[in-house]
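Kindly produce the complete structure, drawing on both the sequences and the hints.
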Amino acid sequence: MTWYLTLYPPPPRPESIPAQPVIDYLAAQPELRRIKPYEFESAAGQPWLRVIVAETGPGGGYSYAVGAAAPERIDLVELLCGDGGPPDWYEALACRIAAELDWVAVEESEERQIWPR
1087 MTWYLTLYPP PPRPESIPAQ PVIDYLAAQP ELRRIKPYEF ESAAGQPWLR VIVAETGPGG
1147 GYSYAVGAAA PERIDLVELL CGDGGPPDWY EALACRIAAE LDWVAVEESE ERQIWPR
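Numbering (our numbering), first residue to last: 1087 to 1203.
Derived from the structure by calculation, the hints contain no laboratory data.
Owing to the predicted nature of the structure, the values given are computational and were not obtained by experimental measurement.
Treat the hints loosely; a few may be bogus.
Said to hold, decoys possible - Label-pair distances were calculated between CB atoms; the ranges are: (1) 1195 with 1158: 27 to 33 angstroms; (2) 1143 with 1122: 18 to 24 angstroms; (3) 1202 with 1155: 28 to 34 angstroms; (4) 1104 with 1130: 19 to 25 angstroms.
For each residue, glycine too, the CB sits at the ideal point set by N, CA and C.
Right, here's the structure in full:
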């Protein structure tokens, strides 16, 4: 089973941003390993994790990247966290990414904002 940490631009500036700098930043994180142009997983020895960059579609629905190419612009980073892993580890990574992007990080199922604190 998984749970989600969602990162997005804070209101009132929900505009998408260029994807490549975000993808480059994620690729440089030692906890992550790139598996697709727009998707990462945890590196060896880390708790199970998937990280996906996406752009929300019209009406606010998610438009995840599909196919071989990463999206050109994004306004969402989703961390799919494994139930067996330490929540603090996931939250620390999400906070670090959100701080780098100057975005908000939330745990939506609990309606809990984890960044900014």
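| Numbered hints the structure breaks, given as an ascending list | Hint 4 contradicted; others consistent.
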